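Student: Residue numbers (the UniProt record's numbering), protein chains in the order written: chain A, 1 to 226; chain B, 1 to 835.
If you are wondering where the hints come from, they were derived from the structure by calculation, not from laboratory data.
Nothing here was measured: the structure is a model prediction, and the numbers come from that model.
Watch out, some of these pointers could steer you wrong.
Simulated crosslink set (BS3-like; lysine-lysine; CA at most 30 angstroms straight-line) [to be verified]:
no., chain 1, residue 1, chain 2, residue 2
1, B, K337, A, K121
2, B, K425, B, K331
3, A, K189, A, K161
4, A, K128, B, K756
5, B, K445, B, K3
6, B, K641, A, K119
7, B, K288, A, K136
8, A, K128, B, K574
9, B, K334, B, K288
10, A, K161, A, K128
11, A, K136, B, K331
12, B, K593, B, K543
13, B, K764, A, K119
14, B, K425, A, K161
15, A, K121, B, K143
16, B, K15, B, K337
17, A, K161, B, K3
18, B, K52, B, K257
19, B, K3, A, K119
20, B, K52, B, K181
21, A, K161, A, K119
22, A, K121, A, K161
23, B, K543, B, K257
24, A, K208, A, K189
25, B, K334, B, K257
26, B, K764, B, K331
27, B, K181, A, K161
28, A, K119, B, K337
29, B, K617, A, K136
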Amino acid sequence: MLKLHNLTRVYRTEDVETLALNNVNIEIAQGEFVAIMGPSGCGKSTLLNTIGMLDSPSSGEYWFNDENIAGYSEAQLASIRKRNIGFIFQNFNLIDELTVEENIELALLYHNIPSAERKAKVAEVMDKVGIAHRAKHMPSQLSGGQQQRVAVARAVVGEQKMILADEPTGNLDSVHGEEVMEMLQALNKEGTTIVMVTHSPAHADYAKRTINLFDGSVVTENVRAA
Amino acid sequence: MFKNYLIIAWRNIVKNGVFSAINIFGLAVGLMSCILIMLFVREETGYDDWIKDKDRLVRMHTAVNIPNQPAFLTVRSAGRMMEAIRDYATNEVETGMRLIQWGTTVQHNGEGFAEQITMVDNSFFNVFALPFLHGDIESSFNKPMDLVITEEMATKYFGRTNVLGETISFCCLGGNPITLKVTGVLKDLPDATHLDANFIIYLNPAMFGENDNVLNTWSSLNVYTYFKMREGISVEQLQDRINYWLNNESPMVNMLKERLGDAANGLQVTDTFQLNVMSVPDLHLNAKNDAGNMGDLTPMGDQNMINTFVVVALLILVIACINFMNLSTAKASKRAKEVAMRKVLGASRTQVAFQFLSEAVALVFIALLFALAATEIVLPFYNEIIGKNLQLMLFSDPYLLVSLCLVATAVGIGAGLYPALYLSKYLPGHILKASKSSESQSSAKLRTGLVVGQFATSIILVISTIVVYSQTLYSTSVDVGYQYDNKLVLNIRATGDNLDSLKQELLNLPQVTDVAFSSESPTQDNENNNYFSLVEPNQQGEKLEPLLLNYHHMDYGFFESYGVNLLAGRFFDKNYGTDAITQLPEGHEGMGKASVILNRAAVTKLGFTDVEQIIGKTLVLNDHELTVIGVIPDIHFRSIKFGIRASAFLLDENRFRVANIAFQSNDVSGLMDDIHRIWKQQVPLQPMNLQFLSEMMAAQYRDETTTAQLLLVFSALAILVSCLGLYGLSAFTVERRTKEIGLRKVMGANVSQIVKLLIWQFSKPVALANLIAWPIAMYAMNSWLEEFPYRIEQWYLLPICLLVGLLSLSIAWLTVGGNAARVARKNPVHALRYE
Ligand SMILES: Nc1ncnc2c1ncn2[C@@H]1O[C@H](COP(=O)(O)OP(=O)(O)OP(=O)(O)O)[C@@H](O)[C@H]1O
Ligand SMILES: [Mg+2]
Numbered sequence: 001m002l003k004l005h006n007l008t009r010v011y012r013t014e015d016v017e018t019l020a021l022n023n024v025n026i027e028i029a030q031g032e033f034v035a036i037m038g039p040s041g042c043g044k045s046t047l048l049n050t051i052g053m054l055d056s057p058s059s060g061e062y063w064f065n066d067e068n069i070a071g072y073s074e075a076q077l078a079s080i081r082k083r084n085i086g087f088i089f090q091n092f093n094l095i096d097e098l099t100v101e102e103n104i105e106l107a108l109l110y111h112n113i114p115s116a117e118r119k120a121k122v123a124e125v126m127d128k129v130g131i132a133h134r135a136k137h138m139p140s141q142l143s144g145g146q147q148q149r150v151a152v153a154r155a156v157v158g159e160q161k162m163i164l165a166d167e168p169t170g171n172l173d174s175v176h177g178e179e180v181m182e183m184l185q186a187l188n189k190e191g192t193t194i195v196m197v198t199h200s201p202a203h204a205d206y207a208k209r210t211i212n213l214f215d216g217s218v219v220t221e222n223v224r225a226a
Numbered sequence: 001m002f003k004n005y006l007i008i009a010w011r012n013i014v015k016n017g018v019f020s021a022i023n024i025f026g027l028a029v030g031l032m033s034c035i036l037i038m039l040f041v042r043e044e045t046g047y048d049d050w051i052k053d054k055d056r057l058v059r060m061h062t063a064v065n066i067p068n069q070p071a072f073l074t075v076r077s078a079g080r081m082m083e084a085i086r087d088y089a090t091n092e093v094e095t096g097m098r099l100i101q102w103g104t105t106v107q108h109n110g111e112g113f114a115e116q117i118t119m120v121d122n123s124f125f126n127v128f129a130l131p132f133l134h135g136d137i138e139s140s141f142n143k144p145m146d147l148v149i150t151e152e153m154a155t156k157y158f159g160r161t162n163v164l165g166e167t168i169s170f171c172c173l174g175g176n177p178i179t180l181k182v183t184g185v186l187k188d189l190p191d192a193t194h195l196d197a198n199f200i201i202y203l204n205p206a207m208f209g210e211n212d213n214v215l216n217t218w219s220s221l222n223v224y225t226y227f228k229m230r231e232g233i234s235v236e237q238l239q240d241r242i243n244y245w246l247n248n249e250s251p252m253v254n255m256l257k258e259r260l261g262d263a264a265n266g267l268q269v270t271d272t273f274q275l276n277v278m279s280v281p282d283l284h285l286n287a288k289n290d291a292g293n294m295g296d297l298t299p300m301g302d303q304n305m306i307n308t309f310v311v312v313a314l315l316i317l318v319i320a321c322i323n324f325m326n327l328s329t330a331k332a333s334k335r336a337k338e339v340a341m342r343k344v345l346g347a348s349r350t351q352v353a354f355q356f357l358s359e360a361v362a363l364v365f366i367a368l369l370f371a372l373a374a375t376e377i378v379l380p381f382y383n384e385i386i387g388k389n390l391q392l393m394l395f396s397d398p399y400l401l402v403s404l405c406l407v408a409t410a411v412g413i414g415a416g417l418y419p420a421l422y423l424s425k426y427l428p429g430h431i432l433k434a435s436k437s438s439e440s441q442s443s444a445k446l447r448t449g450l451v452v453g454q455f456a457t458s459i460i461l462v463i464s465t466i467v468v469y470s471q472t473l474y475s476t477s478v479d480v481g482y483q484y485d486n487k488l489v490l491n492i493r494a495t496g497d498n499l500d501s502l503k504q505e506l507l508n509l510p511q512v513t514d515v516a517f518s519s520e521s522p523t524q525d526n527e528n529n530n531y532f533s534l535v536e537p538n539q540q541g542e543k544l545e546p547l548l549l550n551y552h553h554m555d556y557g558f559f560e561s562y563g564v565n566l567l568a569g570r571f572f573d574k575n576y577g578t579d580a581i582t583q584l585p586e587g588h589e590g591m592g593k594a595s596v597i598l599n600r601a602a603v604t605k606l607g608f609t610d611v612e613q614i615i616g617k618t619l620v621l622n623d624h625e626l627t628v629i630g631v632i633p634d635i636h637f638r639s640i641k642f643g644i645r646a647s648a649f650l651l652d653e654n655r656f657r658v659a660n661i662a663f664q665s666n667d668v669s670g671l672m673d674d675i676h677r678i679w680k681q682q683v684p685l686q687p688m689n690l691q692f693l694s695e696m697m698a699a700q701y702r703d704e705t706t707t708a709q710l711l712l713v714f715s716a717l718a719i720l721v722s723c724l725g726l727y728g729l730s731a732f733t734v735e736r737r738t739k740e741i742g743l744r745k746v747m748g749a750n751v752s753q754i755v756k757l758l759i760w761q762f763s764k765p766v767a768l769a770n771l772i773a774w775p776i777a778m779y780a781m782n783s784w785l786e787e788f789p790y791r792i793e794q795w796y797l798l799p800i801c802l803l804v805g806l807l808s809l810s811i812a813w814l815t816v817g818g819n820a821a822r823v824a825r826k827n828p829v830h831a832l833r834y835e
C-alpha cells in the first residue's frame with residue numbers, strides 16, 4: 001500500500017538542525033497492523049505525520065498506491081489524504097464547539113456526501129463504537145475513553161483504508177486503553193490498515209509487526225507469529 | 001456544510017460572549033452611523049431628481065466682480081435677462097421662465113396665515129412639468145392671475161382637494177389686497193426640492209406699474225431665471241452662448257463703458273459681470289457657492305458637510321472592522337486546533353477561509369439587525385439635530401434594503417478577510433504536534449499597528465470636534481459692537497398707516513423700554529448696495545469715482561437703543577429736522593438733502609484715516625445730497641462669518657420694515673402676549689412675526705452648530721468603539737499571559753508592578769497614535785479655520801491636542817487597568833495550574 005524509500009526529514013530552526021528521520025525504508029501492505037516504538041524524541045510522530053501526509057519529507061521517496069507523492073502540493077496531498085487516511089491522536093483533538101455527532105460528521109463534510117446519507121453513516125459508526133447514547137453531548141462532557149472512541153469513529157466514518165494513531169492510549173487508563181485497542185483490532189480484522197505509535201509493549205502486541213526507531217532510523221522490525 | 005459553519009459560528013459567538021458582544025456592538029454602532037449618514041446623504045443628493053427632463057433645466061445666477069471690492073453673488077438675476085437670452089440663444093434654449101417669490105398673507109375665515117407665493121411666467125409648467133391633480137396646463141394656467149395651488153394648501157384652507165373655482169384672498173400683492181380664483185390643483189411636491197411653490201400665480205407685469213424695478217430692469221436682481229435647454233445641449237454650451245452675448249451683443253457692453261469710462265478699455269463684460277447657469281438637480285448642494293450671503297428659495301445644502309460625514313461614517317466602520325480583525329486574530333490560537341482538524345479531515349484552505357469569512361458576514365448581519373433597531377430609536381433625535389424629516393422605510397424601499405445588505409456584506413468581507421486568510425494558513429501537522437501554537441511576532445505587530453491607526457483616527461475626530469465647537473462658541477461670543485440681549489424684532493411690513501399708533505401702544509407697555517424702526521434688524525441682510533459719490537476731495541486730496549456701499553435705514557434712536565458707540569459726530573436727531581430722506585415732490589428742481597452715518601470701513605474706503613475729517617463732507621446718492629454727520633465702529637450687523645462691509649446708514653421712513661423692541665422683563669411670555677394683543681387690535685387679519693434677536697443671532701450659526709453637534713456624537717461613538725476594541729484586546733492579552741504573570745508573582749513581583757507592566761504595554765500604541773494624529777488634525781483644522789474671518793487663535797490647537805492626548809491615555813488606562821488588576825491579584829498557583 002505504501003513504501004518509504006531513503007526518506008529523510010530535517011527540521012531547521014535558526015541555529016539547530018534536527019535530523020528527525022534518517023534514511024528510513026519501510027513498506028506497509030494493505031490490511032497490516034503495524035506498531036511503531038522507540039524512545040521519546042526518536043521521530044515516531046514525525047514518521048506518522050509523514051505517512052499521513054501532514055508533513056512532507058526533506059528528501060527520499062514516498063510511494064503511496066504506486067504514486068510517488070514526495071513532491072506533491074498541499075492541495076494534492078489533502079485530496080489523497082481525505083479519501084484514504086483517518087487519524088487518531090493522543091489528545092483526541094475533538095472540536096470543543098461541536099457535539100459528538102457533529103464532530104464525527106465533520107469527517108464527511110468535505111466529501112460531497114448528501115446530508116441524509118451522512119446522518120446514516122454517523123449513526124451507524126456511533127453504534128459501532130458504542131457512543132450513540134452520547135450523540136448530542138459536547139466533548140467536554142465525556143470521559144477520556146469516550147472521547148477517544150468518538151475520535152476513532154471520526155477516523156473510520158469515511159471508510160478510510162488506513163488509520164494512523166499517535167499514542168491513542170497515551171492519555172487513557174488501562175481499562176479504556178484496552179477498549180480502544182480492541183476496537184482497532186476489530187477494524188483491522190475488517191481490512192483496515194492500521195499504523196500506531198505506542199510506548200506500551202502490551203498494546204504493541206496487538207500489532208502483527210513492530211518497527212523500532214532510534215534517533216531517526218529503523219533499528220529492528222519484529223514480525224509476530226500469527 | 002454551510003449549516004455546520006453556521007452552527008460553529010453561532011456557538012463561538014455564544015461561547016466568547018465578551019468578544020462577540022464587543023464585535024457586534026462595535027459593528028452595530030458603525031453600521032448605525034453609516035445608516036444615519038446614508039439616509040441624510042441620499043436625501044441631500046437626491047434633490048429635484050424627480051423632475052421630468054431635469055437635466056435640461058438650468059437656473060441663471062448673477063455675480064458682480066468689481067476690482068478691489070468684495071464679489072457680490074446672488075442666485076437671482078435682473079428681470080429683463082430672461083427674455084433677452086431666450087430670444088438670442090434660440091439654438092440652445094427651448095423656453096425660459098422668471099419666478100418671483102414673495103411672502104404674503106392669506107386671509108381666510110377671519111384669520112391671517114403667512115404664506116409664500118410664487119409668481120411665474122406662463123412657461124412655468126413647460127419648464128417644471130409638475131403633475132396636476134385637478135385641471136391641466138391648458139385650462140388652469142392660460143391667463144394672468146390664474147392661481148394653481150397644491151393639494152396640501154387645498155386641504156389646509158378648504159378641507160378637500162377639488163377646489164377649482166374657489167377663491168383665496170391675499171393681503172397684499174403689490175400693495176393691494178387681491179382675491180384670486182383657484183384654477184388648478186397640483187399634487188404635493190416631494191420634500192426633496194429646491195422649489196417652494198404652494199401658490200403659483202400667472203405673472204401679470206401690469207401689477208408692477210410704471211416704476212418696475214422687478215421685471216423691467218437690467219440691474220435690479222429680483223427674479224429667479226430658469227431655462228429649459230433644447231435636447232442635446234449641454235450646460236457649458238449654453239454658458240458659452242450667454243458669455244458671448246454678454247461680451248458682444250448685450251446692453252451691458254455700453255453700461256460697462258458708461259460706468260468705468262476709459263478704465264473699461266480692454267475689459268470684457270464678463271470680467272466684472274457674470275451670468276452663470278447651473279443645472280437644476282445641482283442647485284440644492286451647489287447654489288451655496290453662487291448665493292453670496294443671500295439665501296435661495298429653500299434652505300441650501302452643503303456639499304462639504306456631506307463629504308465630512310461620509311468620511312466620518314466610513315472611519316467609524318473601519319474602526320469597528322479593525323476591532324473585529326484584532327480580536328479574531330488574537331483569538332486565532334484558540335481556533336487553531338479546529339482549523340488543523342478540519343484540514344486533516346480534508347478541508348482545503350479555501351474552504352476554511354470561506355468558513356471564517358461567512359462567520360464574519362453572519363456576525364455583521366447580526367450587528368445590522370441591532371443597528372436598524374438602534375436607528376429607529378435615535379432617528380427622531382437625529383432629525384431634530386439636522387432639521388429634516390428622514391425615515392427608515394426598509395421594506396417599501398428595496399433600494400435601501402439592497403444597499404444595506406451590500407454594505408453589510410462588504411463590511412463582513414472587509415473585517416473578515418484578513419482573519420480568514422490568517423487562520424486558514426495554519427498547516428495541520430504544525431499544530432497537532434505542538435499542543436499550543438505560538439503566536440507569530442508579525443501578527444502581534446500588525447495588531448498593534450491597527451490599534452495605533454484606530455486611536456489616531458479617533459483622536460483626529462475628537463480634536464476636530466473640539467475645534468469646531470470652540471470656533472462655534474467663539475463666533476457667538478465675539479463682541480458684535482451692539483447689545484442684542486432683551487430685544488424683540490417685530491416685522492412691520494403689513495402695518496400700513498398704523499405704524500405710529502402701533503409704536504405708541506408698544507411704548508405704553510411697562511416692560512418695553514424702547515421701540516426703534518429700521519429697514520433691517522441685525523442678522524437680516526437684503527444686500528442693499530448702491531453707488532455713493534463723494535463730492536469733496538478725500539483726505540489724500542483725490543477726487544473719487546462713485547463707490548459701492550452697503551446701506552440700511554434706521555430711525556432716530558436706533559443706535560442709542562442698541563448701545564452702539566460713536567467715533568465721531570452725532571447720531572440721527574429729530575431736533576435738527578434735516579436728517580431724514582424725503583420723497584421729492586413731482587417736478588422738484590435740484591437735489592434733496594439729508595444725513596448719513598458711516599461705519600469705520602466706509603470711512604477708510606472713502607480715503608479718510610481720521611474719522612473727524614469726514615464729518616460734514618457730502619455724499620450723493622441718486623437724487624439726494626447726504627451730509628456725513630457721524631461715524632460708528634465696524635459693528636457686525638450680519639454674521640461674523642461674512643466679515644465687515646463698508647456701510648452707510650440712512651433714514652427713510654418709507655423703507656422701515658421691522659420694529660426693534662427693547663424690553664426689561666422677567667415675564668417674557670406675558671410680554672409676548674401683550675404685544676400680540678396690541679398687534680391684533682392695530683393690524684387685524686395679519687399674522688404677527690415676532691422673534692427674539694438673540695435667537696436670530698444663534699440661528700446664524702445653525703450650520704456650524706449642527707456640524708459641531710453631529711461631529712460630537714459621531715466622534716464619541718468612534719472613541720467608544722475604539723475603547724471597546726482595546727478592552728477586548730487587553731482582556732485577551734491578560735488571559736494569554738496569565739502564566740507569565742503568575743511566574744512573575746512567584747518571583748516576587750507585586751500587583752502594582754504587574755499592572756504597570758500591562759498598562760505600559762497598552763499606553764505605547766495610544767501615545768504613538770497621538771503623535772501621528774496631532775499634526776494631521778492641526779493641519780486639517782487650520783485650513784478649516786481659515787474660512788472664518790474671525791477665528792480662534794492657532795496656538796489654541798496645541799493645548800487642545802495635549803488635552804486630547806491626556807484624555808486618550810487616561811481612557812486607555814481605565815480600559816486596560818481593570819483587566820490588568822484582576823489578573824494581577826489572582827493567586828499565582830491558580831494561574832500556573834491553568835496550562
Ligand atoms: N517542528 C519542529 N521543529 C524542530 N524540531 C522538531 C519539530 N518537531 C519535532 N522536532 C524534533 O524532531 C525530533 C523528533 O520528534 P518527534 O516528535 O517525531 O519525536 P517522537 O518520537 O514522537 O517523541 P515523543 O515520544 O516524545 O512523542 C525531536 O528531536 C524533536 O525535537
Ligand atoms: Mg510523539
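Student: Does the alpha-carbon distance linking K641 (chain B) and K119 (chain A) stay inside the 30 angstroms limit?
Tutor: violated (74 angstroms)
Student: Compare the distance between the alpha carbons of K121 (chain A) and K143 (chain B) with 30 angstroms, and conclude whether the hinted pair is satisfied.
Tutor: violated (87 angstroms)
Student: Please work out if K593 (chain B) and K543 (chain B) have their alpha carbons no farther apart than 30 angstroms.
Tutor: holds (21 angstroms)
Student: Can the restraint linking K128 (chain A) and K756 (chain B) be considered satisfied, given a maximum Cα separation of 30 angstroms?
Tutor: violated (57 angstroms)
Student: Given the hint that K543 (chain B) pairs with K257 (chain B), test it: the Cα-Cα distance must not exceed 30 angstroms.
Tutor: holds (20 angstroms)
Student: With a cut-off of 30 angstroms on the C-alpha distance, tell me whether K617 (chain B) and K136 (chain A) pass.
Tutor: With a Cα-Cα distance of about 103 angstroms, the restraint between K617 (chain B) and K136 (chain A) is violated, given a limit of 30 angstroms.
Student: Verify the proposed pairing of K52 (chain B) with K257 (chain B), using a straight-line Cα cut of 30 angstroms.
Tutor: violated (42 angstroms)
Student: Is the hinted pair K208 (chain A) and K189 (chain A) satisfied, with a Cα-Cα distance of at most 30 angstroms?
Tutor: Answer holds: K208 (chain A) to K189 (chain A) is near 12 angstroms, not above 30 angstroms.
Student: Given the hint that K181 (chain B) pairs with K161 (chain A), test it: the Cα-Cα distance must not exceed 30 angstroms.
Tutor: violated (96 angstroms)
Student: Would you check the hint for K764 (chain B) and K331 (chain B), treating anything up to 30 angstroms between C-alpha atoms as holding?
Tutor: Cα-Cα ~22 angstroms, so holds.
Student: Tell me if the straight-line CA distance from K136 (chain A) to K331 (chain B) falls inside 30 angstroms.
Tutor: holds (26 angstroms)
Student: Is K425 (chain B) close enough to K331 (chain B), meaning Cα to Cα at most 30 angstroms?
Tutor: Holds, at about 14 angstroms.
Hints 4, 5, 6, 7, 8, 9, 13, 15, 18, 25, 27, 29 from the earlier list are contradicted by this structure; the remaining hints agree with it.
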